[in-house]
Each structure stands twice: as C-alpha cells, then as structure tokens.
Amino acid sequence: HFWLATIGIVFYAASMWVAGVTQGLMWREYGADNYLVNSFAETVAALHPMYLARAFGGILYLSGALIMAWNVWQTVAGNLRQEEPLRQPAYDPAADRPLVAVPAE
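Letter by letter, the sequence shown follows residues 3 to 107 in the numbering used here.
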C-alpha cells in the first residue's frame with residue numbers, strides 16, 4: 003500500500019505542477035495586437051492530458067489507502083492467515099562449505 007500511495011502522489015503532484023506551468027505560460031502569451039493568443043477553452047483543452055494523469059495518480063493513491071484500511075482492519079480483528087510448515091531439510095554441516103576453496107593462511 004505504501005508504494006501505491008507514494009507513486010500515486012508523485013503522479014498527482016507532478017501532473018498538477020506541469021498543468022500549472024502550462025496554464026501560466028499559455029496565459030502569458032500575447033500576440034502582436036496585445037491580446038491573448040490562447041483562449042480559455044484552448045487552455046483547458048491543453049490541460050486535459052495532465053488531468054488524466056492526475057486522475058490516474060488519484061486512483062493509485064486511493065487504492066493504496068483502501069489496501070491500508072483493509073490491512074488495519076484485519077490487524078485489529080486479529081485474523082491470522084494459516085502458515086504452512088517449512089519444507090526445508092534439516093541442517094547438514096557437511097553441506098555447509100564454500101563453493102570455492104579458500105586458501106589457508
């Protein structure tokens with residue numbers, strides 16, 4: 003849940019930063035007649051991809067928060083999962099040696 007939320011916030015913040023810079027630059031652009039080059043509708047249309055990235059980041063963050071809430075709920079409820087027994091062989095000291103011979107000093 004942590005990485006989902008972290009990546010979601012990065013997408014969310016980065017897309018809003020890019021959208022702000024884009025919007026500011028579009029509103030500062032004047033033509034030779036001292037009127038704005040871009041209309042409000044053109045500015046909003048240019049921000050559409052950034053809003054999609056923001057929605058994607060928000061969905062990632064929300065899914066991370068939901069997984070965290072589920073995890074906390076399961077912890078408070080005391081539900082434990084069933085663990086299978088280990089299926090490893092017993093420790094064998096003869097097999098515990100380096101693969102490459104180490105020269106003696």
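Any given hint might turn out to be false.
What the hints assert, rightly or not - Using C-beta positions, here's what the derived DEER-type ranges look like:
{"hint": "1", "residue 1": "GLU44", "residue 2": "VAL12", "range": "26 to 32 Å"}
{"hint": "2", "residue 1": "TRP19", "residue 2": "ARG83", "range": "57 to 63 Å"}
{"hint": "3", "residue 1": "GLN76", "residue 2": "LEU101", "range": "38 to 44 Å"}
{"hint": "4", "residue 1": "GLY60", "residue 2": "ASP35", "range": "37 to 43 Å"}
{"hint": "5", "residue 1": "VAL12", "residue 2": "LEU88", "range": "34 to 40 Å"}
The hints are simulated quantities; they were obtained by calculation from the structure and are not laboratory data. From the three backbone atoms N, C-alpha and C, an ideal C-beta is built for every residue, glycine too.
Hints violated by the structure (numbers, ascending): 2
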